[in-house]
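Trainee: Here is how the chains run, residue by residue.
There are 2 protein chains.
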Amino acid sequence: MRVYNFSAGPATMPLEVLERAQSELTDWRGSGMSVTEMSHRSPEFVSIAAEAEARMRSLLGVPDDYAVLFLQGGATGQFAAVPLNLAAVGATAAYVNTGAWSKKAIAEGRNHLDVRVVADEKDSGYATVPAPGSLEVPADAAYLHYTLNETIGGVEFPYVPDAGDVPLVTDASSTILSRPLDVSRFGVIYAGAQKNLGPAGLTVVVVRKDLLGRARPETPSVLHWQAMAEADSMLNTPPTLAWYLVGLVLEWVEQQGGLEAMAQRNRAKAELLYGAIDSSDFWSNPVDADARSWMNVPFLAPDPALDKPFLAAAAEAGLSGLGGHRSVGGMRASIYNAMPLEGVQALVDLMTDFEKQNG
Amino acid sequence: MRVYNFSAGPATMPLEVLERAQSELTDWRGSGMSVTEMSHRSPEFVSIAAEAEARMRSLLGVPDDYAVLFLQGGATGQFAAVPLNLAAVGATAAYVNTGAWSKKAIAEGRNHLDVRVVADEKDSGYATVPAPGSLEVPADAAYLHYTLNETIGGVEFPYVPDAGDVPLVTDASSTILSRPLDVSRFGVIYAGAQKNLGPAGLTVVVVRKDLLGRARPETPSVLHWQAMAEADSMLNTPPTLAWYLVGLVLEWVEQQGGLEAMAQRNRAKAELLYGAIDSSDFWSNPVDADARSWMNVPFLAPDPALDKPFLAAAAEAGLSGLGGHRSVGGMRASIYNAMPLEGVQALVDLMTDFEKQNG
Chain Y
1 MRVYNFSAGP ATMPLEVLER AQSELTDWRG SGMSVTEMSH RSPEFVSIAA
51 EAEARMRSLL GVPDDYAVLF LQGGATGQFA AVPLNLAAVG ATAAYVNTGA
101 WSKKAIAEGR NHLDVRVVAD EKDSGYATVP APGSLEVPAD AAYLHYTLNE
151 TIGGVEFPYV PDAGDVPLVT DASSTILSRP LDVSRFGVIY AGAQKNLGPA
201 GLTVVVVRKD LLGRARPETP SVLHWQAMAE ADSMLNTPPT LAWYLVGLVL
251 EWVEQQGGLE AMAQRNRAKA ELLYGAIDSS DFWSNPVDAD ARSWMNVPFL
301 APDPALDKPF LAAAAEAGLS GLGGHRSVGG MRASIYNAMP LEGVQALVDL
351 MTDFEKQNG
Chain B
1 MRVYNFSAGP ATMPLEVLER AQSELTDWRG SGMSVTEMSH RSPEFVSIAA
51 EAEARMRSLL GVPDDYAVLF LQGGATGQFA AVPLNLAAVG ATAAYVNTGA
101 WSKKAIAEGR NHLDVRVVAD EKDSGYATVP APGSLEVPAD AAYLHYTLNE
151 TIGGVEFPYV PDAGDVPLVT DASSTILSRP LDVSRFGVIY AGAQKNLGPA
201 GLTVVVVRKD LLGRARPETP SVLHWQAMAE ADSMLNTPPT LAWYLVGLVL
251 EWVEQQGGLE AMAQRNRAKA ELLYGAIDSS DFWSNPVDAD ARSWMNVPFL
301 APDPALDKPF LAAAAEAGLS GLGGHRSVGG MRASIYNAMP LEGVQALVDL
351 MTDFEKQNG
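Top to bottom, those sequences are chains Y and B.
Residues 1 to 359 in full-length UniProt numbering are what the first sequence lists, from first letter to last.
Residues 1 to 359 in full-length UniProt numbering are what the second sequence lists, from first letter to last.
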């Protein structure tokens, strides 16, 4: 029996996608081999790769003057790739700090350039995002970096910051494909696949082509956007199985009605869960209402001693992956595209029952 | 119907492994989820990861004073990681050039340090390796790098070079697990998984622990061996599905009898194919007898105009992936661990028939 898996990433995938991959795993559409056995230069795999890119472009509305790359190394790899590809030695870049993942991006950025933190939500306990229009970005900054969604804190930008002429760069790992995004506002969007796109081990980078050509010569070629763009992301052997699975997920998103439909579903799921939390005197969520993540919902019981019994009851009920990040404790429900409303309803029912018994 | 797939990588995998993965793909052993959906911090995945590492250590005979890392980025990622982790700015490193992959490692090495090419097989047309004992390695070199097997040229070192006190580093992508290797002779062994280990998207790095601690501060954390070793290769989300599949392949290698058994099988396969080439006046292989790869066997017809008809006849016979690398043409059969002797026999039969009709 399949459980409802609320893990933050790697995360639940659509069962239809897994079943399709399963049916093709020893023989992809009469080719006599698995996708994972195919040469990445074979016509079969090249078509799989190109189809996934085309679907990504179409779903996300990527303009023609942007490259779409399929790389390895996760968002953490891009924490280094961003400064190496966009900024010369000694340059300055602006960063927004909204929590744990921002901090990691900032720490890695500091290895490569002068980081100016233009907003730090420390005083709010990282429970919100800077107000629209409040960022003062130095005109000579190589870029402005922010974390669109903080997976641990459960904080998500409800708006796209204005960086003026400075290229805007975002880690969209948890948000990508969960709702429409105006790509034309960005210089670079990057995302690890293991939330809304599929398996871990693939990283999507969407980069405006006029920003290619700025890379430092010492940029490792696997992180070198221009070199990868010129090689259709096949400068070296790409993670073919992951690429194929992402393609199947993109096809599934298309079948669901695209990003407008995903946004409606995700909004409904988030409203159901936050509504249950807010209508309770027992459960709480510390994030400002307008900065709450639609994807990662942390919630706390009135006493941390109740975490273990709740997680045990959840496991009993077939709800998995609800433990909060080890750095913060409590609970967290990640409700990505592939989590159905029924899963969130089952969680809310459990929370209501648990409150009755322990409230 | 499954074909015999002679691709150089991604490459054929044991059917038993694919079938096992297939049976577990929507529900791993009663967990209610796919391996690819599991949190990498879950007890289930941590056990999968640890078991794969233990099998790798046991099969390859990795001493306790070596770390075994499971990273992303392929061997090409390690072309940058090696200098960044082992050598300060301005340091010198020695490289052996035996062909296309050596050249790529050297080119990327030059971005980070002073590369001294201590042997270059250009004069032989990259058809052999330096004679044992012929390398003069500068005593102050940070390391000596060589490519254990040139996948394109079909050249494989039949011996481990002596680097004295200089750490020996090798790209073992095609050789790893195909026969025993004395790990204790090496400072670092790295290998992309997509030949003998499983799917593309995972890179194994075996590094002597006393070499950790030399990394440059600007080393991207996804390529930082010490940081990865300290985090059990989970500094960020690892490629979990690939890691799991590598674990299944390692289990299969164990069931086959380990590396001695693999070596016997691989030697028999190589002898069958090279024997057929050498006993023919039609087919040829340009590599010196004692430097011929057991894994990648390039072969040429007397006239390149025969390549297309041969490849068409091969496809007809259910033999796939036999085209030579686009940089050299001709044919190439990659006969990794998962290629059975029957596949090589089918190829030899086809070559014999083709020669009769066209010789």
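Just so you know, these hints were derived from the structure itself, not from any lab.
For every residue, glycine included, the Cβ atom is placed at its ideal position computed from N, Cα and C.
Hints are not guaranteed to be accurate.
As the list claims (entries may be wrong) - A partial selection of chain B residues facing chain Y, derived with a Cβ cut-off under 7 Å:
| # | residue |
| --- | --- |
| 1 | Val3 |
| 2 | Leu18 |
| 3 | Glu37 |
| 4 | Met38 |
| 5 | Gly213 |
| 6 | Gln226 |
| 7 | Met234 |
| 8 | Glu251 |
| 9 | Gln255 |
| 10 | Gly258 |
| 11 | Ala261 |
| 12 | Ala263 |
| 13 | Ile277 |
| 14 | Ser280 |
To be verified - DEER-style ranges, computed between Cβ atoms:
| # | chain 1 | residue 1 | chain 2 | residue 2 | range |
| --- | --- | --- | --- | --- | --- |
| 15 | Y | Asp65 | B | Thr352 | 40 to 48 Å |
| 16 | Y | Ala231 | B | Pro217 | 56 to 64 Å |
| 17 | B | Asp65 | Y | Ser184 | 50 to 58 Å |
| 18 | B | Val183 | Y | Gly257 | 47 to 55 Å |
| 19 | B | Pro158 | Y | Pro180 | 44 to 52 Å |
| 20 | B | Pro43 | Y | Asp288 | 42 to 50 Å |
| 21 | Y | Asp65 | B | Asp353 | 50 to 58 Å |
| 22 | B | Ala88 | Y | Arg110 | 15 to 23 Å |
| 23 | B | Val46 | Y | Gly257 | 52 to 60 Å |
| 24 | B | Glu51 | Y | Pro180 | 39 to 47 Å |
| 25 | B | Ala312 | Y | Leu272 | 39 to 47 Å |
| 26 | B | Asp65 | Y | Glu254 | 20 to 28 Å |
Trainee: Confirm or reject each hint.
Mentor: For each hint, the structure was consulted:
no.: 1; hint: Val3; verdict: holds, 3 Å
no.: 2; hint: Leu18; verdict: holds, 5 Å
no.: 3; hint: Glu37; verdict: holds, 5 Å
no.: 4; hint: Met38; verdict: holds, 6 Å
no.: 5; hint: Gly213; verdict: violated, 17 Å
no.: 6; hint: Gln226; verdict: violated, 14 Å
no.: 7; hint: Met234; verdict: violated, 11 Å
no.: 8; hint: Glu251; verdict: violated, 17 Å
no.: 9; hint: Gln255; verdict: violated, 18 Å
no.: 10; hint: Gly258; verdict: violated, 23 Å
no.: 11; hint: Ala261; verdict: violated, 22 Å
no.: 12; hint: Ala263; verdict: violated, 23 Å
no.: 13; hint: Ile277; verdict: violated, 22 Å
no.: 14; hint: Ser280; verdict: violated, 26 Å
no.: 15; hint: Y:Asp65 <-> B:Thr352: 40 to 48 Å; verdict: violated, 55 Å
no.: 16; hint: Y:Ala231 <-> B:Pro217: 56 to 64 Å; verdict: violated, 29 Å
no.: 17; hint: B:Asp65 <-> Y:Ser184: 50 to 58 Å; verdict: holds, 53 Å
no.: 18; hint: B:Val183 <-> Y:Gly257: 47 to 55 Å; verdict: holds, 53 Å
no.: 19; hint: B:Pro158 <-> Y:Pro180: 44 to 52 Å; verdict: violated, 59 Å
no.: 20; hint: B:Pro43 <-> Y:Asp288: 42 to 50 Å; verdict: violated, 34 Å
no.: 21; hint: Y:Asp65 <-> B:Asp353: 50 to 58 Å; verdict: holds, 53 Å
no.: 22; hint: B:Ala88 <-> Y:Arg110: 15 to 23 Å; verdict: holds, 20 Å
no.: 23; hint: B:Val46 <-> Y:Gly257: 52 to 60 Å; verdict: violated, 37 Å
no.: 24; hint: B:Glu51 <-> Y:Pro180: 39 to 47 Å; verdict: holds, 42 Å
no.: 25; hint: B:Ala312 <-> Y:Leu272: 39 to 47 Å; verdict: violated, 59 Å
no.: 26; hint: B:Asp65 <-> Y:Glu254: 20 to 28 Å; verdict: violated, 52 Å
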